Each structure stands twice: as C-alpha cells, then as structure tokens.
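Student: Sequence:
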Amino acid sequence: MHVTAALIGLAIATVSCEAAQPPVAKMRVIENPAATGAQFPRLASLPDGGILMSWVEPAGKDHILKYGLLRDGKWIRQGEVARGGDWFINWSDFPSVVAIDKSFWVAHWLVKHKGGRTYDYDIATSISNDSGVTWSTPKSPHRDGSAAEHGFAVIFPVHGDAGIIWLDGRDRLAKQDGGKHKGKSGNFALRYTRIHRDGGMDKEQVIDNSTCTCCWPTVAVTPAGPVAAWRGRTENEIRDHRVAHLHHGKWTKPVPLHGDGWEIAGCPVNGPMLAARGMQVAAVWFTAADDHPRIRAAFSTDGGQSFSQPVEVDKTDPFGRVGVAWSDDRTAVVSWITAANAGTRKPGLALRKLHTDGSADPIQHLGAISGGRDTGVPQLAAYGQGFVMAWTGAAPDHGIETTFIPDGSAGSVPLRR
Numbered sequence: 003m004h005v006t007a008a009l010i011g012l013a014i015a016t017v018s019c020e021a022a023q024p025p026v027a028k029m030r031v032i033e034n035p036a037a038t039g040a041q042f043p044r045l046a047s048l049p050d051g052g053i054l055m056s057w058v059e060p061a062g063k064d065h066i067l068k069y070g071l072l073r074d075g076k077w078i079r080q081g082e083v084a085r086g087g088d089w090f091i092n093w094s095d096f097p098s099v100v101a102i103d104k105s106f107w108v109a110h111w112l113v114k115h116k117g118g119r120t121y122d123y124d125i126a127t128s129i130s131n132d133s134g135v136t137w138s139t140p141k142s143p144h145r146d147g148s149a150a151e152h153g154f155a156v157i158f159p160v161h162g163d164a165g166i167i168w169l170d171g172r173d174r175l176a177k178q179d180g181g182k183h184k185g186k187s188g189n190f191a192l193r194y195t196r197i198h199r200d201g202g203m204d205k206e207q208v209i210d211n212s213t214c215t216c217c218w219p220t221v222a223v224t225p226a227g228p229v230a231a232w233r234g235r236t237e238n239e240i241r242d243h244r245v246a247h248l249h250h251g252k253w254t255k256p257v258p259l260h261g262d263g264w265e266i267a268g269c270p271v272n273g274p275m276l277a278a279r280g281m282q283v284a285a286v287w288f289t290a291a292d293d294h295p296r297i298r299a300a301f302s303t304d305g306g307q308s309f310s311q312p313v314e315v316d317k318t319d320p321f322g323r324v325g326v327a328w329s330d331d332r333t334a335v336v337s338w339i340t341a342a343n344a345g346t347r348k349p350g351l352a353l354r355k356l357h358t359d360g361s362a363d364p365i366q367h368l369g370a371i372s373g374g375r376d377t378g379v380p381q382l383a384a385y386g387q388g389f390v391m392a393w394t395g396a397a398p399d400h401g402i403e404t405t406f407i408p409d410g411s412a413g414s415v416p417l418r419r
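So the number in our numbering is just where the residue sits in the sequence shown, counting from 1, plus 2.
Don't read these hints as lab results, they were simulated from the structure. Predicted model only: the values in this text are computed from it and were never measured. There may be inaccurate statements among the hints.
Below 16 angstroms or equal to it, Euclidean Cα-Cα: the simulated EDC-like pairs (lysine to aspartate or glutamate) are [to be verified]: (1) K141 / E206; (2) K114 / D64; (3) K317 / D292; (4) K114 / D88; (5) K104 / D132; (6) K252 / E206; (7) K141 / D204; (8) K141 / D50; (9) K76 / D50; (10) K104 / D163; (11) K348 / D376; (12) K114 / D146; (13) K205 / D146; (14) K104 / D50; (15) K116 / D88; (16) K28 / D409.
Restraint-style ranges between C-beta atoms, simulated for each label pair [stated by the list, open to error]: (17) G261 / D146: 30 to 36 angstroms; (18) N131 / I266: 25 to 31 angstroms; (19) G201 / G117: 25 to 31 angstroms; (20) S361 / D293: 45 to 51 angstroms; (21) H294 / Q80: 39 to 45 angstroms; (22) R145 / T254: 21 to 27 angstroms; (23) D204 / H294: 39 to 45 angstroms; (24) D146 / G202: 37 to 43 angstroms; (25) D64 / R332: 31 to 37 angstroms; (26) A341 / D204: 42 to 48 angstroms.
By construction, the Cβ of each residue, glycine as well, lies at the ideal position given by its N, Cα and C atoms.
Hey, can you work out the whole structure from these sequences and the hints?
Tutor: Encoded structure:
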C-alpha cells in the first residue's frame, strides 16, 4: 500500500525547557498489510535500502509469522513464513525475519517445550534462499533438548552466513533440580551459533555465562565484524550492560559497556540497542541505578571496542524500550517510551537526535502510547530520508501501527553529561 498523504503535527518538547517555542515536525502515517489482531512488529533494513517488517497474526488457535517489504513508499510484497498452535507468544520476546542478503533470509519464532512449564520454550529457525518465497523445515540453534527457556534471539550477517545469539536457561537447571546438573553456573547464558546457507549450524559458543534473564540483547555489524550488547548479572545482582565482538569465529571476553551500578534483584525487561554506521557504533540503554530511571547513550568510533562517557537522553523517569538508528555520519536518533504525562496520565513515544560532538536536538514527542505489555517493544529503522517506527496498537483489536518521520532538523543544544 502507499504511504498516506495525511500529515500529523508533532509537538516538539524538551525535558528541561531547552526550547521556549518548540518547533513542529511532521510524520506520515503508513498503511501496512498486517491484519486486525496482529502484534509484535520487528523492523530490519534491507540491503537495497528498503524495510523488512515481520509480525505475528492470530488464526483461530494458531499463530502465523508474516512479513512485508516496504520499498519506495509501497508495500511491494508480503508473505507467510510459518504457522503453529504451540507457539510461545510474549510481548518482549517475539519472532523476526532478517534478510542476510538479497536472497538469503533467516527467520525465527518460539515454540513451547513439550511437557514443559510456562517459560520452557525453544527457538525455531528457518532459512530461505529465494528471498522469502519458500522456507526450510524448522531447526533449533540450541541442541540441548532441555526443558528450559531459550529465547530473545537476534539474527545478523556473518561473512555471507547468519549468526544468531540468544538467552539460554539450561544452566539454571542447577538451581532447580537439586544439583543434578553438576558444573553448571545456575545462571542464564548468552549463546551463539552460525547458520550456513545450506541450513547447517556450527557448534554453540557461550559468550557470557551470567546474564539477566529477560532483557533482550542486540547486535550491530561493522566492517570489523559483529558487536553484541546485553544486560549482564553479577553475584551481587548488579545488572549493567556488557559488550563483546565476534573475531575470527570466536567471541571476545565480555567487557562493561558502562558501569551504571544498577543493583536489582529481578529482571527489568528492558534491553539495550546498538546501531552501526561504518566503524561508528551508537549504543542506547535504560538504567535505574540509584533509583533514578533514565535513558543513556554512548558512541564508539572503533567498532565498539570502546565507548564515550554516556550522555543523558531522558532523565525524567522514562519507561525505556529503546531503539536507535543513524541519520548521518555525525547523528543518531534514539526512540523510547517516556514517563506518563501529568495531564493525560499516559506515557508517550519520543525521539531525540544525538550528535557525536555531544550536542542534541530537542525531544520530539510523537503522541501517547500505552506503557503496558500489549504495546510490545516499539521498533525504529532508518528509511530513505527519515525513519520508520512500528509498534503494536491498543487492545483489544491491536494491529500494527507504522509511521514515517522525515529527517528534519531542529536546533541543537548541549547534552548534560
């Protein structure tokens, strides 16, 4: 379908009255092919500059993983990857369809472990070598067969093949079975394997053997290779973010992204996001260290080997659920769910441009959005001369909301570090 001609005004506001008379930006609502009841969109950039959006639709007692291609303002094709009646459906852990190159695509979804408990589920992957027209028989990237949580998968290119990382709960069995699994850490781990174009998979690798249980990880790909970020976990329940790099087929030792020092006894369900532009990497994350919820961001100029000191994107008690995409060589755009508005008592969806010189544009408020689980994790991707955002619409009908935000520029102001 075509991008609609309707334009919706956006009030541009700031957290600290940084602009007395905020300018007005515009966004275009995009019609999309997702049906009523659809949920959990995920955006992936295509090698030719288009957008690949996947989502989940209900079909009686089944669920269907579908995708659509957005190019030149039109949804030029849509298709079905898989369907099933035994899927694990969750607002924060949801399927994806990723174009590794023009013809080689990889998809994943989640299947309940037969005879398992509520959060015992497995990852299913399928490959296509004809741009999503046909799909292979599903295979799991983890071969342990245990009744444990396997999820929060991220798929990305690796030298013509696909890499996949995921959070894996098999080692947590050590704390749940009276010590029958000797030598296990008792924690969730971040694991990896490589998926070849013929469907073969390499031996699994453990990237980190102590991670947060349900904060989604993220991967950006630079000319030097993939860099991953995720929320780690220490024995003292410090849950800050870590990074590692895939180098010559092996992952480097995890190092801190930044030492926020957030001590929390449970999972906050709020993962980080990375975006790469050449060797530059933008990182954005949520933390509530010192009981102060805020969104932070940092830049790297060396492929994620090191990052700048973080800047405060929003320090007014935001919900989080961040996204990030590059606008140009010196500018990245961050998205997130804000704190509830004092008048409407509803949170909002916001964007902010951050510049590598330490300055930032005012916060752009795109309007009210539910802070509940039904909204899922809003998605952000660069597209043409701007950005596409997608999120799940309000209950009970849901549906996928998509919008295009032109890459206009407001005046920059210094960020408070």
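Student: Now tell me, hint by hint, if it's right for this structure.
Tutor: Now the hints, each set against the structure:
no. : hint                            : in the structure
1   : K141 / E206                     : holds (14 angstroms)
2   : K114 / D64                      : holds (13 angstroms)
3   : K317 / D292                     : holds (12 angstroms)
4   : K114 / D88                      : holds (6 angstroms)
5   : K104 / D132                     : holds (8 angstroms)
6   : K252 / E206                     : holds (11 angstroms)
7   : K141 / D204                     : holds (13 angstroms)
8   : K141 / D50                      : violated (28 angstroms)
9   : K76 / D50                       : holds (14 angstroms)
10  : K104 / D163                     : holds (12 angstroms)
11  : K348 / D376                     : holds (14 angstroms)
12  : K114 / D146                     : holds (15 angstroms)
13  : K205 / D146                     : holds (11 angstroms)
14  : K104 / D50                      : holds (8 angstroms)
15  : K116 / D88                      : holds (9 angstroms)
16  : K28 / D409                      : holds (10 angstroms)
17  : G261 / D146: 30 to 36 angstroms : holds (32 angstroms)
18  : N131 / I266: 25 to 31 angstroms : violated (43 angstroms)
19  : G201 / G117: 25 to 31 angstroms : holds (27 angstroms)
20  : S361 / D293: 45 to 51 angstroms : violated (29 angstroms)
21  : H294 / Q80: 39 to 45 angstroms  : holds (43 angstroms)
22  : R145 / T254: 21 to 27 angstroms : holds (24 angstroms)
23  : D204 / H294: 39 to 45 angstroms : holds (42 angstroms)
24  : D146 / G202: 37 to 43 angstroms : violated (18 angstroms)
25  : D64 / R332: 31 to 37 angstroms  : violated (47 angstroms)
26  : A341 / D204: 42 to 48 angstroms : holds (44 angstroms)
Of the hints listed earlier, those the structure fails to meet are numbers 8, 18, 20, 24, 25, in rising order.
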